[in-house]
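**Q** Sequence:
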Amino acid sequence: HSLFNAMNRFIGAVNNMDQTVMVPSLLRDVPLAEPGLDSEVGVESNPWKSKDILVDLSHLEGAEAGEEDLEQQFHYHLRGLHTVLSKLTRKANILTNRKKQE
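Reading the sequence shown from the start, the letters are residues 1208 to 1309 in the working numbering.
Note that these hints are calculated values from the structure, not bench results.
Any given hint could turn out to be false.
What the hints assert, rightly or not - Computed beta-carbon distance windows for the label pairs:
1) Leu1285 x Gly1219: 41 to 51 Å
2) Gln1308 x His1282: 38 to 48 Å
3) Gln1308 x Glu1278: 37 to 47 Å
4) Gly1219 x Gly1287: 32 to 42 Å
5) Asp1276 x Asn1222: 35 to 45 Å
To be verified - Result set (DMTMM-like, lysine to aspartate or glutamate): computed pairs, CA atoms no more than 25 Å apart in a straight line:
6) Lys1298 x Asp1225
7) Lys1306 x Asp1225
8) Lys1294 x Asp1225
9) Lys1307 x Asp1225
10) Lys1298 x Asp1276
11) Lys1298 x Glu1309
Being a predicted model, the structure only gives us computed values, none of them experimental.
Virtual Cβ for every residue (Gly too), placed ideally from N, Cα, C.
Based on the provided sequences and hints, a complete structural model is requested.
**A** Right, here's the structure in full:
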């Protein structure tokens, strides 16, 4: 799967969620946890905390990988971006489906 497709799926999921969940304050009552999703390694329920962790890790990775080939670093971060977009897309779809069921 390409990064472009992952971005399109994410944008579609967020647009769908925006249409379904009109008022962000309504999300306060909806738990993000889905059975089976919390068992995934590295999945954080707070997306801002996940972002902060990713930023911290990217700084560490950049400092340690000074001698590493730039192309390898690019592919590493590209895979990471694809993974993050996939997880955020899945969580947006979960929230949308829950609101549709209410």
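**Q** Evaluate each hint against the coordinates.
**A** Status of each hint after checking the structure:
| no. | hint | result |
| --- | --- | --- |
| 1 | Leu1285 x Gly1219: 41 to 51 Å | 21 Å, violated |
| 2 | Gln1308 x His1282: 38 to 48 Å | 39 Å, holds |
| 3 | Gln1308 x Glu1278: 37 to 47 Å | 45 Å, holds |
| 4 | Gly1219 x Gly1287: 32 to 42 Å | 21 Å, violated |
| 5 | Asp1276 x Asn1222: 35 to 45 Å | 37 Å, holds |
| 6 | Lys1298 x Asp1225 | 13 Å, holds |
| 7 | Lys1306 x Asp1225 | 11 Å, holds |
| 8 | Lys1294 x Asp1225 | 17 Å, holds |
| 9 | Lys1307 x Asp1225 | 12 Å, holds |
| 10 | Lys1298 x Asp1276 | 34 Å, violated |
| 11 | Lys1298 x Glu1309 | 17 Å, holds |
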